[in-house]
Amino acid sequence: MSEPCAISVDGRPVPAAVGESLAVALLRAGVTAFRASRSGQDRAPLCAMGTCYECLVQVDGRQVRACLEPVRPGMEVRTHG
Amino acid sequence: MAEPGFIRADVAVAGAGPAGVAAAVAAAGQGRRVCLLDEGFRPGGQIWRHRPGAAPPAARALLAALAASGVQVLASASVFDGWRHDGAWRLAAATPGGRVEVQAAALVLACGAREQFAPFPGWTLPGVLGAGGGQALLKEGLELRGEPAVVAGSGPLLLPAAATARKHGADLRAVLEQAPWRSLLAMAPLLASRPGKALQALGLGWDLLGIPYRPGWWVAEALGSGRLEQVRITDGRRELLLPCRWLFSGFGLVPNLELGRLLGCAIGAGALQVDGAQRTSLAGIHAAGEGCGVAGVDAALAEGRIAGLAAAGAWDADSPEARSLVRARRRARTMGARMEAIFALRPELLALPRPGTLACRCEDVPFGAIDPAWGARETKLCTRAGMGPCQGRVCGPILARHFGHEADTVRTPVKAVALEQLMVPGNGSGPSCPPPDHC
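Going line by line, the protein sequences match chains A and B.
Once you know that position 63 of the first sequence is 63 in our numbering, the rest is easy, because the numbers rise by one and skip nothing.
Once you know that position 362 of the second sequence is 362 in our numbering, the rest is easy, because the numbers rise by one and skip nothing.
You can take every hint at face value.
Each pair of labels, with its calculated beta carbon distance range:
| hint | chain 1 | residue 1 | chain 2 | residue 2 | range |
| --- | --- | --- | --- | --- | --- |
| 1 | A | Glu3 | B | Lys167 | 17 to 25 Å |
| 2 | B | Ser281 | A | Gln58 | 37 to 45 Å |
| 3 | A | Pro13 | B | Asp316 | 52 to 60 Å |
| 4 | B | Glu3 | A | Gly61 | 25 to 33 Å |
| 5 | A | Gln58 | B | Phe6 | 24 to 32 Å |
| 6 | A | Glu76 | B | Arg238 | 43 to 51 Å |
| 7 | A | Arg12 | B | Gly268 | 46 to 54 Å |
| 8 | B | Pro56 | A | Gly61 | 33 to 41 Å |
| 9 | A | Pro15 | B | Arg84 | 43 to 51 Å |
| 10 | A | Gly30 | B | Ala341 | 35 to 43 Å |
| 11 | A | Gln58 | B | Arg60 | 31 to 39 Å |
| 12 | A | Gly61 | B | Arg384 | 21 to 29 Å |
Derived, one-sided and incomplete: chain B residues facing chain A with beta-carbon distance under 8 Å:
| hint | residue |
| --- | --- |
| 13 | Arg51 |
| 14 | Gly141 |
| 15 | Glu363 |
| 16 | Cys390 |
| 17 | Arg393 |
Since the hints were made in silico from the structure, they are not lab data.
Just so you know, even glycine gets a beta-carbon here, dropped at the ideal spot from N, CA and C.
All chains should be modelled from the sequences, with the hints used to inform the complete structure.
Set out below in structure tokens:
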């Protein structure tokens with residue numbers, strides 16, 4: 001089974017499970033603004049399978065789709081919010 | 001000696017859902033070196049999404065066979081390019097460790113399908129997800145802890161999505177199927193032939209007892225400030241406001257054809273064209289599952305196995321196994337075609353977007369910015385619709401329905417990737433470009 005861990009989201013500690021989808025961990029933590037759209041709207045996961053790119057966040061400085069990113073202990077996540 | 005970032009295989013399989021895994025296991029069982037690439041971080045595709053170590057029962061045997069098969073699995077690998085090279089096929093994929101190229105004599109395209117959306121005002125609000133998308137996140141551990149949710153849209157995926165939402169704590173307020181009762185009754189004959197599937201689609205399964213299932217209703221608008229707070233629903237005559245924090249809304253699936261189209265495989269009626277051995281129009285390239293037309297997991301499993309055997313040069317159409325696979329494929333495909341007719345989208349849905357409703361979410365292009373007189377190219381040039389990171393995968397089917405635009409061209413890269421991954425590894429003297437015929 002998956003092991004609990006902590007990740008950092010915009011500098012705040014968030015509980016998660018090793019190997020789970022980062023999108024799940026962020027939604028569980030109440031994040032609604034994963035990325036800002038071109039005109040500045042908050043966006044959150046739509047397709048959850050890597051197609052729509054609405055869940056783009058930065059992880060350790062890289063742009064990733066949160067729905068395709070497995071949680072690793074201590075990962076540093078930046079949303080636009 | 002192994003080169004970093006280069007894999008030589010007999011068979012390369014793109015996509016690790018049921019079709020791709022079945023193909024990879026089948027080819028490996030014939031002694032072939034197989035490389036299986038998938039964008040997800042664990043095999044299973046969309047239907048078998050799960051928490052780490054908790055694969056669904058239906059997937060366990062095949063995923064265990066994959067683990068024991070010697071197939072080289074490249075997870076988190078986005079295939080963005082493919083071409084003919086030295087009498088073989090090559091795929092290029094972006095991975096967390098950098099660009100990887102796979103060369104193989106035979107390819108199996110098992111790229112699956114994506115959810116189709118039908119925009120309504122407010123569909124971009126956080127809290128509005130696809131029905132399949134929401135279900136995937138729930139399977140991976142999202143818990144709704146009594147929060148109100150609505151499932152809406154169309155097709156046989158709505159009820160499993162609703163059951164999953166309820167299982168993961170949703171206070172399920174309604175399941176809205178835009179197709180009217182009279183269309184759903186057309187499924188009655190299917191009850192006799194495929195009771196399990198038809199019951200699941202009709203929502204009469206045990207998990208769904210007591211769920212407010214409303215055929216002939218749809219979401220007209222999603223409302224909220226900063227996130228979803230309520231939906232306005234209608235049956236065309238009456239209207240209701242339902243408070244909810246989650247809306248799982250999907251309108252069936254569309255095949256992912258981009259890689260097949262890039263390679264040059266023949267496409268007809270929105271699907272890769274294949275023969276009885278799942279061979280596409282190009283020698284050495286096979287296709288299986290939803291890419292050949294949406295028909296569900298049973299078709300994917302049968303076609304994946306056929307494609308894997310064919311790619312290994314071991315397909316014998318007269319063998320008992322082959323005959324049984326062909327029967328399974330025919331049954332599943334017949335069911336898929338009937339479902340499509342039953343869940344055809346009603347014209348009222350086309351009238352939902354307002355001028356300010358976004359058609360293209362990547363580039364924030366509202367419906368009002370698109371002149372109905374424009375063709376696909378003008379729309380792209382004037383508004384950038386379809387030019388964002390999803391490359392038109394979300395808005396393409398929408399623009400096709402609303403404006404008749406057909407997205408029938410692709411170019412490399414067929415997935416948004418970092419610039420460094422586009423560069424072919426050089427000799428240390430600096431980055432080099434792909435060969436000119438390939439740019």
